[in-house]
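Student: Sequence:
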Amino acid sequence: MRVLLVPELYRPDDATANGTLNDAVALVEEWLAVDPNLHVYWLLAPPETANYDPEYVLADRDRVTLVEAEPFMHGHDHEDAFSETGYTEAQLRAVEEAVFEQTGYVDVAVDQQVTGRYDLAKWLDRLGGGREASVRPTDVVGYVHDLRLPFKRHGRELPDDKPMKAELSAAAVADGLWFKAGVDASRMREYGSSVLDDDFLDDLLGDALETGSPLDFEEFEESYAEDPEWLHVAGSGWGKKNLDVVMDAAEALHEEFGIRTLMTNMDPIPEGLAEYPFVDAYPECSRERYEAALRTGDLAVVASDHETMPRTPFEQAASGQVLVIRDEPWAYDCVPEDYRLAGGLDDLESLAVRAVERWDEAVAENRRMVDRVREVRGPAQCGRRTREDLVDRVERRLAAFEDNGSSDVLAAVESAASAFDGEVPLDELADRVDADDRVDDPTVTDLVYALRSLGYADAGNPGTPAFVPAGDSAGSGT
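When the letters of the sequence shown are read in order and numbered with numbering that gives the first Met the number 0, they come out as residues 0 to 477.
Please keep in mind that the hints were generated in silico from the structure rather than gathered at the bench. Be a bit skeptical, because a hint or two may be false.
[As the list claims (entries may be wrong)] Pair by pair, the computed Cβ-Cβ distance ranges are:
hint, residue 1, residue 2, range
1, E287, R431, 52 to 62 Å
2, D326, D402, 46 to 56 Å
3, S235, G129, 39 to 49 Å
4, T15, W237, 17 to 27 Å
5, R366, P461, 38 to 48 Å
6, D197, A434, 49 to 59 Å
7, D435, V33, 35 to 45 Å
8, A434, R130, 42 to 52 Å
9, E387, G271, 46 to 56 Å
10, N50, A363, 33 to 43 Å
11, D426, E218, 33 to 43 Å
12, R431, D198, 38 to 48 Å
13, R366, P328, 32 to 42 Å
14, E88, D433, 25 to 35 Å
We put the CB at the ideal spot given by N, CA and C, even for glycine.
Between the sequences and the hints, there should be enough to build the whole structure, so can you do that?
Tutor: Next up, the structure:
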């Protein structure tokens with residue numbers, strides 16, 4: 000099986016700071032661990048443009064290919080305003096060169112871009128054979144990271160709900176949807192009827208997958224202080240975070256218990272917050288400094304209006320920071336429905352005080368919550384859910400090929416493949432089949448599905464795909 004991933008980099012000059020990419024890398028690592036027949040293509044900005052090492056996206060492995068091209072509006076002062084926009088001619092040509100000019104193919108494209116999906120779908124369909132192919136060449140899956148809805152900050156960037164309309168319209172082009180968070184799937188149903196037909200929306204969401212956002216809990220030590228000394232305020236200072244409420248709680252904790260506040264932010268600290276006498280602030284914080292703060296902190300208070308499977312607060316909780324969280328629907332994608340440290344915006348200060356007063360109870364409650372998060376966001380669980388969806392998509396098209404595919408192509412492929420000893424390189428197979436009088440220029444898609452129908456599996460190698468008898472592989476046969 001061959002999968003193309005296109006992450007949205009909302010921080011276009013710092014790839015590793017994007018939860019979109021972090022999630023995708025974690026999924027790919029799980030897929031590679033269980034499926035030796037898998038090959039992954041990344042479509043990303045070059046490493047020097049987006050400030051990452053190829054090793055970070057696992058491109059130091061044979062079964063991962065980094066397809067590099069500058070994104071739309073690269074280098075412009077306002078490039079971040081177009082981080083969700085694709086696709087440039089250079090990007091589409093890069094996919095053609097890296098995949099299809101190697102006589103390769105793409106089974107599933109997992110697309111996080113908000114606009115441009117129709118262009119990607121057209122391109123992959125055309126390169127895979129289009130209407131000449133017996134089955135659809137590529138499924139395009141829309142991977143929804145943080146749905147642009149009117150109540151969210153990035154859902155209000157333009158008037159008249161344009162961000163939401165753009166994203167929901169792109170969903171109409173997708174062959175399936177992956178939602179990082181269940182709350183976005185439910186909110187899409189709530190808001191989507193203003194853009195999409197209800198029956199269509201029901202079909203689209205009925206087939207959708209809630210992926211979870213993987214967190215590797217092995218990276219964190221869930222260690223609790225005997226008595227809390229530090230509140231850790233982490234992450235951005237965006238308005239949705241309601242940091243005034245968090246700082247009120249911080250001030251109360253300092254006055255009543257002498258608890259100090261540790262503040263970390265990859266951006267500058269919002270004006271005035273670092274001036275509190277009980278605050279140690281680390282603006283433009285490095286990952287190393289942040290990880291040290293995870294080990295130091297004892298409490299966290301999250302007052303956000305909305306989040307979508309946020310990473311930072313649950314990294315804090317997994318590190319032994321007791322999490323006081325706002326009682327909002329987004330929280331319950333992770334925390335138990337009866338979590339006793341969740342409350343309204345006006346209740347967070349008193350909940351934080353109570354957590355300190357009843358510290359042993361608060362620690363036990365946080366442990367219970369972390370156990371729940373492990374179930375929802377464990378990398379193995381997230382990887383299994385998404386890989387099963389990928390495999391199902393290939394198997395459905397294989398069944399369609401076996402029902403409707405050309406018997407002449409199947410016979411020609413079987414004859415040509417028998418001439419190889421072991422691996423069957425797809426380009427050499429294509430040349431042999433093309434010379435067969437029974438067929439005329441078969442598509443790469445038909446060649447691939449004919450091989451699969453005959454019991455061959457992709458070896459997952461780089462460059463031109465090679466197929467081997469499925470019995471010679473431990474993979475799924477895709």
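Student: Hints broken by the structure, by number, lowest first?
Tutor: Violated hints: 8 and 13; rest satisfied.
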